[in-house]
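Residue numbers (our numbering), protein chains in the order written: chain A, 1 to 348; chain B, 1 to 287; chain C, 1 to 336.
Keep in mind the hints are simulated off the structure, nothing from the lab. For glycine and all other residues, C-beta sits at the position ideal for the given N, C-alpha and C. Hints may be right or wrong, so weigh each one.
Said to hold, decoys possible - Here are the computed distance ranges between Cβ atoms for each label pair:
(1) C:204 x A:338: 41 to 51 Å
(2) B:123 x A:42: 25 to 35 Å
(3) B:172 x A:86: 30 to 40 Å
(4) B:116 x C:204: 53 to 63 Å
(5) A:296 x C:309: 54 to 64 Å
(6) B:122 x A:296: 31 to 41 Å
(7) A:260 x C:306: 38 to 48 Å
(8) C:153 x B:172: 18 to 28 Å
(9) B:29 x C:61: 50 to 60 Å
(10) C:17 x B:172: 25 to 35 Å
Here is what each chain is made of, one letter per residue.
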Amino acid sequence: MSGQVVVSDEVAPVQLGPPILEVAGLVKHFSTDRGLFGGGAKLHAVDGVDLQIFPGEVLAVVGESGSGKSTLARCILRLIDPTEGRIVFAGQDVLALKGRRLAGFRQQVQPVFQDPFSSIDPRWRVGTSVAEALDAFAIGTKAERRARVLDLLDRVGLDPSLVGRRPHELSGGQRQRVGIAAALAPSPRLIVADEPVSALDVSVQAQVLNLLADLQRDLRLAILFVAHDLAVVEHISHRVAVMYLGKIVETGPTEAVFRDPRHPYTKALLEAIPRPDPDRRMQESVLRGEIPSPIAPPSGCRFRTRCPVAIERCVTEEPEMTLFGEGHTAACHVARAELQKQDHQRRQ
Amino acid sequence: MSVAIPNVPARTSRRQGILASRKGRVGFAILVALIAIAVFAPLIAPHDPNAIDASRILAGPDLAHPFGSDALGRDVLSRVIYAYRVSLGVAVGSTLLAFLFGVPLGMYAGYHGGWVDTLIMRPIDMVLALPALLLAVALIAIIGPGSDVALLAIAVIYLPILARVVRSSTLVVASQTYVEAARARGTPSRRIITRHVLPNAIGPAIVQATILMGFALQIEAALSFLGLGAQPPTSSLGVMLADGRDFLTQAPWIEIFPGVAIAITVLAFNFFGDGLRARLDPRGVTR
Amino acid sequence: MSDAILTLEHVDVGFATDDGTVSAVSDVSLSVASGEIFGLVGESGCGKTTLAMATMGLLPASATVSGSVRFQGRELVGLAPEDLRRLRGDRISMVFQDPMTSLDPAFSIGEQIAETITAHRNVQRGQARDRALALLADVGIPEPERRYGDAPHRLSGGMRQRVVIATALANEPALMLADEPTTALDVTIQSQILDLLRDLRQRLRTTIVLITHDLGVIAQLCDRVGVMYAGQLVEIATVAEIFRAPRHPYTQALLAALPTQHQEPGSLRVIPGRVPNLIDPPPGCRFASRCPYVMDECTIVPPLAHESADHLIACWLSEATRAAAHPAGAATGGAA
């Protein structure tokens, strides 16, 4: 089972208090279009994901296309219903929420999306967009809502005089700030941000990253930060979960994962980042081949078809999560065998 | 190949309005004139449209009767003005009726998808599959002829067309991130439909409806020509065409002027529709 | 530079719009040496793509190009469309960002490569096919014989981009313009394509002009780099120099804005203000309004000048720029 954590007896798991959001055994399969003669295939977008987000932390979920990271985010936002699994937010079973309780959940968990050009209604004025959740939940009086909107614009670094503008009068960075202000409006505890800076230019990206970091610190927000850019992730997140073909292959404190990656996929991913440093030109890329289709993922370890260190066991047996350090786990047979060897030697 | 034109910040000063395009301007002007004629028919018509003048049977155009007279010596200009009133009323009424029912249906089907979509769109597709005129004739056969029945028949023909158009633009809008964001923000779906989907998805349906209005005039004429539309003493352009066809060689004016009225109207609605298309696209990227 | 394959001199590109003329590229001069990988970097709207399109003669009719673009000694500005077409896909080729839309979905990948060859060369179909197969193998498509007949949609994004590159190489071009060739790809696939480009340069000595917003890609692949801002070319240097000792304030700010693990979250350096409106841009250096070192001279366009043999900069902070603006002997007040 993928949910199991095998604890090497040297290290104990870290205590972080109760998580604000817990995802357990989450599975989302999409049925692809059935052909004329029936028999549609199943796309394994998310295939057994466990994760926890603690209050006030930034958890990054990284992965390439087909990793299922966006599907995971959409499940957590309850935009789509997972096939299996549990999502618990502040003690409530999210998937069972309906009506007023679902509205209460939505108020506390707000989205920020990738594309600043499609994530706000082109016909709405800035103020209306920012107030959307306030209006939906009828929070405060009209005057209070207006005051709150102006306050929020100021908070995200936009001139409150922009309140009456329409999106086409704004730059991409300004639009993304409007999206962030809208997410902050109902005072959420968790923000699910799906690639919030990947559509932005470097200098604008820096502004938005600074803003997110400030907000997170000042408001003690928890942020689930879905991204593919590892440099951004390394900069902003406290913990990171690396996804490959619908599964988390490694997770842990950002610093530990980047300094000492245990899963061969994480290692390859880190090596593949084109570093803005001509003295550190990368070697021949380690990974051969393509990301397999999530319609027919490989047996055993999903990464084995591209893995430089795969062994026979990887074909038949799915690796379990192994603890490598404080809160640092990875699912790899080879890494685990090495760890056991080290433990064994140390004990002798 | 598209080349991004760099940094024209926010098309702020984009010339707006239907009147920005020449076609739109022309269409708009003609339509205003035509509607005025229809509305103020009694004031404009120089003669009583039903007054029979035996001395002017099949008489050609002259100063007092610029469009000539018909087989009963009635003034063709006055008759065209009154008939136009009826025809335009049917065209506008039928399209509005179809719009009023077709748009919500198409929008609801497109937004909710799944079985709701199937439930709404299958019957609509079936109507769409039938030949339009045959459908109208069948309907009139059941209810009986008359200009109000013609109006209803045209509405039935148009409803599936408009519902289809709205459904497809709704599908596009519903897949936009801002709609997804609204759902995640907790906005109720009724509000999402009225505030996000409707304003963003209705444009193509308005354009389509405008153009359909022009063609409704033709359908009305066809039905009346077949004796299935307006019944005497009410006249419509189609009735006039039917009346005049026996005298086509002797007195072509009886036939020509109603025909020209139809043609001008269809053209004006088309021009106006094109102007609207440019106006309603929020990004103004048409052309 | 005697071995320059491409030389741009005082290139201006303007787009006519309803609101006025957009000055998309302003007075850009640069030269690309034969065999090098030259990077053109800048943020969206800086004119880097427009500049490449102008070089290829691919701009829409609303654009006006002035200045000089010389390729292998031949002037391209004002060349007849038919002559330009003959050059494109033959001596100069182009690779675009989106590998899906740059391939025709209706033709097999092999046929598309073969067609590029027969469009420019008088060869037998069989020969073109053999050459296409060799190219597919060259760019790392496994089992080219089997893949030859595949439609583009049957290939993954990375494989498609390999096919696009094979098409670009079909007639052994002297120059390849690659516009964000890896931007749409996943990072592990991107590194494979970067490998491929590096390897092709080694083997074929193709000159590559790489247009990108990604400073990481520049650092990994290029020999020299030109930095563009709001239509102006502000700095040219070797890649090692740009990253070690950027001289233009914009280049410095751009590099400082890159996120790293060493900075506290929330403390990334940002560039205040916005890119100026390119309809009626302010006179002089277009970065001036956002520049921390702005001074009176900045309302005059600083000329791009040699700081050292291979480092050019257009900024009044630079002695070289000052010297170029006021050639030796001509004292400051002399012109008055």
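Structure-based check of all given hints:
Checking the proposed 41 to 51 Å range against residue 204 of chain C and residue 338 of chain A shows it holds: the Cβ atoms sit about 42 Å from each other. Checked against the given bound of 25 to 35 Å, the beta carbons of residue 123 of chain B and residue 42 of chain A, roughly 32 Å apart, stay inside it. At about 35 Å, the CB distance of residue 172 of chain B to residue 86 of chain A agrees with the hint of 30 to 40 Å. Here the CB-CB span from residue 116 of chain B to residue 204 of chain C is close to 58 Å, well matched to the stated 53 to 63 Å.
In this structure the supplied range 54 to 64 Å holds for residue 296 of chain A paired with residue 309 of chain C, their Cβ-Cβ distance being about 56 Å. Between residue 122 of chain B and residue 296 of chain A the C-beta distance comes to about 34 Å, which sits within the given range of 31 to 41 Å. In this structure the hint that residue 260 of chain A and residue 306 of chain C lie 38 to 48 Å apart at CB holds, the actual value being about 46 Å. The given range of 18 to 28 Å is respected by residue 153 of chain C and residue 172 of chain B, whose C-beta atoms sit roughly 22 Å from each other.
Here the CB-CB span from residue 29 of chain B to residue 61 of chain C is close to 31 Å, at odds with the stated 50 to 60 Å. Distance hint check: the CB atoms of residue 17 of chain C and residue 172 of chain B are about 26 Å apart, consistent with the given range 25 to 35 Å.
The earlier numbered hint that this structure contradicts is number 9, and it is the only one.
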